[in-house]
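Chains A and B supply the protein sequences, listed in that same order. Mapping the first sequence onto my numbering, position 144 (from 1) lands on 144, and the numbers just tick up by one. Mapping the second sequence onto my numbering, position 262 (from 1) lands on 262, and the numbers just tick up by one.
Not one of these hints is a red herring.
Restraint-style ranges between C-beta atoms, simulated for each label pair:
# : chain 1 : residue 1 : chain 2 : residue 2 : range
1 : A       : ALA91     : B       : ASP158    : 52 to 60 Å
2 : B       : TRP297    : A       : ASN202    : 35 to 43 Å
3 : A       : ASN220    : B       : THR101    : 55 to 63 Å
4 : A       : PRO165    : B       : LYS201    : 39 to 47 Å
5 : B       : ASN84     : A       : ARG65     : 49 to 57 Å
6 : B       : PRO125    : A       : ARG65     : 28 to 36 Å
It is worth saying that the hints were derived from the structure and are not from the lab. Glycine included, C-beta positions come from ideal geometry on N, C-alpha and C.
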Amino acid sequence: MDFELGPAGEAAMRLVFTGPPQPALTRALLKIEAQANQRFGSTLTDSVIGYTTVTLFFSASALERDRTEAWLREQAEAIALTDDSDPEHSAADVVLPVLYHPSVAPDLEWLADDRSLSIDDVIALHSDATYFAYATGFAPGFCYLGTLPTALRTPRLDTPRAKVPAGAVAIADAQTAVYPCESPGGWRLIGACPEPLFNLGNTPPSRLNVGATVRFEPINEADFRALGGLIA
Amino acid sequence: MNGLQIHKAGIASSVQDSGRVGTLSIGIPPSGAMDRPALMSGQHQLGHQHDEAAIEMAYADFAATLTEAHDVVVTGAPVQLRINQQACRSEGVHHIEAGQTLEVKATHEGIYSYLHLSGGIMTTPQLDSRSTSPREGIGGLDGDFLKDGDIVPLGAPDKAVGASDPQLTIKNPTTVLELRFVAGFQFDDFADEAIRSLLAKEFTVTAKANRMGVTLNGERLHSGIAALYSEATCYGAIQVPPDGNPIILLNDRQTVGGYPKPGAVISSDCLRLAQSRPGQRVRFAVCSPEEADRIGWLEQHYLETRLRDRH
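Construct all of the structure, not just a fragment, from the sequences and the given hints.
As structure tokens, this is what we get:
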């Protein structure tokens with residue numbers, strides 16, 4: 001698989017694969033990240049996996065750029081995407097309960113109308129799929145999940161909302177996600193998850209992590225409230 | 001309780017130490033003092049051996065009373081200092097008695113000043129740091145900027161102080177600030193016109209600047225690159241959104257982003273940018289990764305040398 005390797009600013013290196021995102025690639029990136037942790041120990045201060053990238057952050061005084069680049073090149077060349085197990089046909093690692101109802105999902109009716117679907121169709125399409133966690137970021141515990149069924153794909157709002165509540169289940173382009181905390185946001189909101197997604201007291205703190213498979217389970221209002229969900 | 005009772009917090013004051021390491025992978029930015037040498041300078045003068053936190057003030061307009069006696073130092077952007085309504089010199093260590101009031105007010109240059117207190121700030125560390133990340137609600141006092149009426153807990157001052165000022169305060173150029181940057185992958189993919197403008201034109205610091213980043217204004221840069229798959233952002237990344245005005249990402253940046261980035265400004269120039277007021281003229285210059293490493297190493301060496309005990 002084609003890749004590029006180079007600096008990502010001071011004391012950071014990035015490995016970029018040029019192909020499209022796919023679960024097998026993400027698993028390969030996770031493997032490289034784990035190997036880098038072993039190889040570099042505390043010299044490697046942090047690492048972040050993106051859709052097609054892994055970025056390694058080093059302590060500035062300890063980075064040996066040439067040797068590190070050579071080592072990374074070897075790892076990248078050794079990658080063969082043989083693991084092609086399709087997450088859409090495997091059991092989900094995480095199942096998140098979701099209330100799909102206009103009272104907690106301001107874009108649900110709009111989306112159904114726009115696609116000439118019933119709300120039940122939208123719910124079925126969103127909750128029948130199994131998603132793969134490609135990247136985390138934007139906010140602690142925010143996880144980019146793919147791939148959204150074609151019928152639900154929609155651009156972001158032209159003007160992001162100033163406040164999206166914690167637990168909002170959202171879609172944008174071919175992605176879906178749950179907002180772990182209240183924040184501004186431009187994705188369309190189609191449901192609400194009553195379960196917390198990020199807690200510093202847990203290990204790991206985030207419920208969703210890169211490489212996980214995720215499914216959404218429709219629940220009713222009573223269950224939503226029983227699980228601690230709030231309806232404004 | 002031994003504490004600092006805040007009467008006037010000012011617009012964006014927060015508890016900051018040197019920030020977090022290793023939290024990008026869980027979506028939490030490093031945060032930490034925007035002017036790290038200023039932080040280190042104050043801690044050095046108070047004889048603190050560890051990474052103690054200070055109160056970072058942007059355009060300082062701060063007033064507080066101490067419940068117990070402490071030594072204090074203010075570093076970073078120059079300020080006017082008043083202790084019990086008496087103006088005093090702003091440099092060096094000041095002893096403040098219990099019940100006395102301290103006022104810190106910004107002057108005409110720089111943005112971030114740091115109030116250091118002997119004994120250190122005793123808010124509860126989260127993820128090994130007391131730094132506040134307000135967007136994430138982590139660290140500091142209740143994960144937020146300081147407000148009027150807050151009481152910041154302090155440690156007991158336990159030893160003699162009095163190291164001399166290591167003179168680490170950043171002096172910003174009065175003319176043009178050079179922002180040296182390491183080119184990234186997308187540098188080659190940027191439209192030629194955009195790269196020509198980036199390298200040849202002058203930009204200015206706008207009012208849209210905070211702990212997340214500094215927006216520049218000048219010739220609009222149209223990268224010609226469609227949205228990217230989200231990838232890690234790094235300190236100093238030159239992010240170019242569709243409006244064409246580059247944003248230099250700093251301590252409280254989002255950990256991933258999908259905007260094109262021709263490169264990342266080296267840290268020593270980021271510090272100067274963070275302390276720049278709106279209207280500061282800046283210019284970009286390419287710097288090889290090896291040169292960036294060398295500058296970083298030399299600066300680290302310089303800091304360590306300055307911070308050796310000089311009583």
